[in-house]
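Enquirer: Sequence:
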Amino acid sequence: MSEPAEPSRMFMSSLPPERPERRLALATVIVSAVIFAALAPFATVQLAQMWAFIPVYEAAIMVNDMVTAGLLLGQFAILRERALLVLAGGYLFTSLMAGAHMLSFPGLFAPTGLLGAGEQTTAWLYMFWHSGFPLAVAGYALLRDDTHARPKAALPAVIPIIACIAAACAATVALTLVATAGSHLLPRIMHGNRTIAPISTTIVTVWVLNLIGLVLMWRRRRRHSVLDLWVMIVMVAWLFDIALSAMLNHGRFDLGFYAGRAYGLAASSVVLFAMLFENGRLHARTVHALEGERREHQLVLQKTAELNDANERLEQRVAARTAQLSASNRDLRREVEERVRAERALKASREELREISAISATAREAEQRRIARELHDELAQTLATLKNDLEWLLDHVPQDDALLARKIAAMHGLARGAVAATRRIASDLRPLMLDDLGFAAAMQWLVQDFRQRHGVACTLRVDPPEHRLDEPYATAVFRIAQEALANVARHAAASQAVVDLVCTDDAIALAIRDDGAGFDPGDPRKPGSFGLVGLRERAYLVGGALTIDTAPGKGTTVEVRIPLQAAHVAYAASGHPAGQVG
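The sequence shown begins at 1 in our numbering and counts up by one.
These aren't lab readings, by the way, just hints derived from the structure by calculation. Glycine included, every Cβ here is placed at the ideal spot set by N, Cα and C. Hints are not guaranteed to be accurate.
[As the list claims (entries may be wrong)] As a list, the in silico SDA-like pairs of lysine to any residue whose alpha-carbon atoms are at most 25 Å apart:
#, residue 1, residue 2
1, K554, D515
2, K554, A486
3, K347, L546
4, K387, A363
5, K554, N487
6, K387, V419
7, K554, A492
8, K554, E471
9, K387, I425
10, K303, E315
11, K387, R350
12, K554, R468
13, K387, A405
14, K554, A489
15, K387, M411
16, K554, L564
17, K387, L403
18, K554, V498
19, K554, D506
20, K387, A418
21, K407, W392
[What the hints assert, rightly or not] Simulated restraints on C-beta separations:
#, residue 1, residue 2, range
22, L414, E471, 34 to 40 Å
23, R19, L185, 48 to 54 Å
24, T112, V31, 35 to 41 Å
25, A420, D506, 29 to 35 Å
26, I78, N308, 36 to 42 Å
27, A420, A509, 33 to 39 Å
28, P521, R339, 26 to 32 Å
Hey, can you work out the whole structure from these sequences and the hints?
Expert: So, in structure tokens, the structure goes:
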């Protein structure tokens with residue numbers, strides 16, 4: 001809906017003139033000037049005395065100026081601009097003075113006029129009349145330039161309006177008294193119906209006052225309003241009025257007398273007709289705006305009904321969709337709860353499996369330790385004794401029994417091989433030196449055995465070089481290194497491997513590197529291949545984490561970090577720096 005225009009932009013006093021209005025005003029001035037120029041040479045031509053012309057002319061001026069003053073006061077009541085109040089006072093003063101002038105006109109209602117008028121009264125009332133209005137116009141122009149000329153809105157408009165009316169009435173009464181009761185104090189400017197010489201100075205003064213009012217209005221040309229434009233036309237008409245009816249003629253009832261008053265009547269009608277025309281246009285705009293607003297209001301009501309209907313349908317759809325979403329949400333919540341329970345169960349199962357795996361690994365290590373110990377202490381010792389007995393028999397076999405000697409030698413070779421195999425099997429199950437000589441010796445034996453068995457250069461770097469590691473960390477680290485080297489031997493096709501072991505108070509860091517073929521960690525695991533899985537599980541069982549860095553053709557690095565408590569590690573006070581065993 002369109003916003004209403006600002007009130008101050010709806011009146012002639014504030015609306016800037018448009019180009020057509022400026023052209024009309026200029027055309028009016030030009031036509032008036034042409035008519036004036038045509039009439040001026042004949043201003044002294046005496047015409048018939050038309051006494052009815054006087055009351056008709058002055059009554060029309062009174063009505064026109066009174067209505068104009070009322071319209072201006074109405075605009076003042078809305079806009080509260082003092083300039084409008086002063087201009088309205090000027091029009092009211094003009095209307096009242098026209099009435100006094102008509103009543104005092106000699107021969108119209110009485111031989112010398114009413115109100116105690118004398119021979120000079122009417123002429124001086126004309127001078128006062130045509131001097132007061134340009135003074136009001138000058139005040140209007142000056143107050144239009146004063147940005148502080150608007151009274152406080154809290155002051156009721158009726159008070160300055162009453163003051164304006166009172167001032168106009170008081171000025172009219174005072175000047176009428178001067179022109180009647182005090183006429184003997186004023187210079188003589190009339191003799192009968194003819195003007196005499198002293199009038200020249202007076203009428204020039206009046207004419208100059210009107211010219212000053214016009215100049216003051218003109219200097220605001222960049223800020224003219226429509227009202228300013230028509231007030232300037234009024235001042236031009238008054239200049240022509242005064243020139244024809246008081247300067248260029250010789251007295252009453254000549255051509256200048258009638259023509260000047262015609263200009264005066266036109267001047268009193270200009271602003272009135274302009275304001276009435278603008279009020280008509282404003283009324284038309286208001287009606288058009290109200291009609292447009294009514295149509296907009298009907299359109300708004302129609303759109304509101306459509307929106308309400310659409311809103312109702314939308315609410316129904318939202319309610320249906322909300323019910324569907326609520327049902328879906330309940331199903332989803334049940335599914336999420338089931339998944340959470342399944343994940344918890346899976347996690348619990350995984351933990352149980354790892355606990356079982358840890359128990360199984362511990363039991364397996366214990367069983368392997370027992371079997372390795374029995375193989376080493378019993379079977380290997382028995383076979384070693386048998387081998388020694390066979391050596392004794394071989395030394396005591398008769399020289400002539402070659403067949404028996406060969407048989408005993410073959411048995412001796414088998415016994416020697418059985419002893420070696422038994423010791424190797426026992427070491428594979430669990431190196432006894434891990435229990436007997438400690439973790440460092442077991443790691444050195446592991447690297448040397450890998451080098452001898454597979455022909456791959458292998459280096460062990462330990463920091464600190466000698467230390468003792470409690471269970472279950474010693475077995476876990478040894479088995480991880482053993483299985484990692486076994487993977488190198490089986491799959492890497494490497495020419496060199498390095499085992500780095502760093503043990504601190506907080507953790508064990510183990511790294512096995514090779515320069516072999518490497519592999520893609522993203523490739524699917526081969527069926528039955530659990531090497532890397534086994535390494536991760538062994539690390540996990542002691543709270544460690546395993547990472548693998550590898551790529552095809554780039555070798556493989558297996559890193560294990562196992563956190564431990566200081567109570568589990570006791571470093572040997574050997575005083576040796578970090579060493580390398582190779």
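Enquirer: Please verify whether K554 and R468 have alpha carbons no more than 25 Å apart.
Expert: 34 Å, violated
Enquirer: Taking the CB of A420 and the CB of D506, does the distance hold inside 29 to 35 Å?
Expert: Once the Cβ atoms are compared, 42 Å apart, the range 29 to 35 Å for D506 and A420 is violated.
Enquirer: Check whether the Cα positions of K387 and A405 lie no farther apart than 25 Å.
Expert: 14 Å, holds
Enquirer: Is it true that P521 and R339 lie within 26 to 32 Å of each other by Cβ?
Expert: 28 Å, holds
Enquirer: With the threshold set at 25 Å, check whether the alpha-carbon distance from K554 to A486 stays at or below it.
Expert: 19 Å, holds
Enquirer: Keeping to a limit of 25 Å between CA atoms, is the pair of K554 and N487 held or broken?
Expert: The hint holds at about 16 Å.
Enquirer: Between K387 and A418, does the CA-CA distance stay at or below 25 Å?
Expert: Holds, at about 9 Å.
Enquirer: Would the hint linking K387 and L403 be met if the CA-CA limit is 25 Å?
Expert: 19 Å, holds
Enquirer: Between K387 and I425, is the straight-line Cα distance small enough, at 25 Å or below?
Expert: Since the Cα atoms of K387 and I425 sit roughly 18 Å apart, the hinted pair holds (cutoff 25 Å).
Enquirer: Note whether the CB distance of I78 and N308 lies within 36 to 42 Å or breaks it.
Expert: Since I78 and N308 have Cβ atoms about 39 Å apart, the given range 36 to 42 Å holds.
Enquirer: Does the structure keep K347 and L546 at a Cα separation of 25 Å or less?
Expert: It holds: about 20 Å lies between the C-alpha atoms, which stays within 25 Å.
Enquirer: Quick one, are K554 and D515 close enough, alpha carbons at most 25 Å?
Expert: Given that 25 Å is the threshold and the Cα spacing comes to 7 Å, the pair holds.
Taken one by one, the earlier hints fail for this structure at numbers 4, 8, 11, 12, 16, 19 and 25, listed in ascending order.
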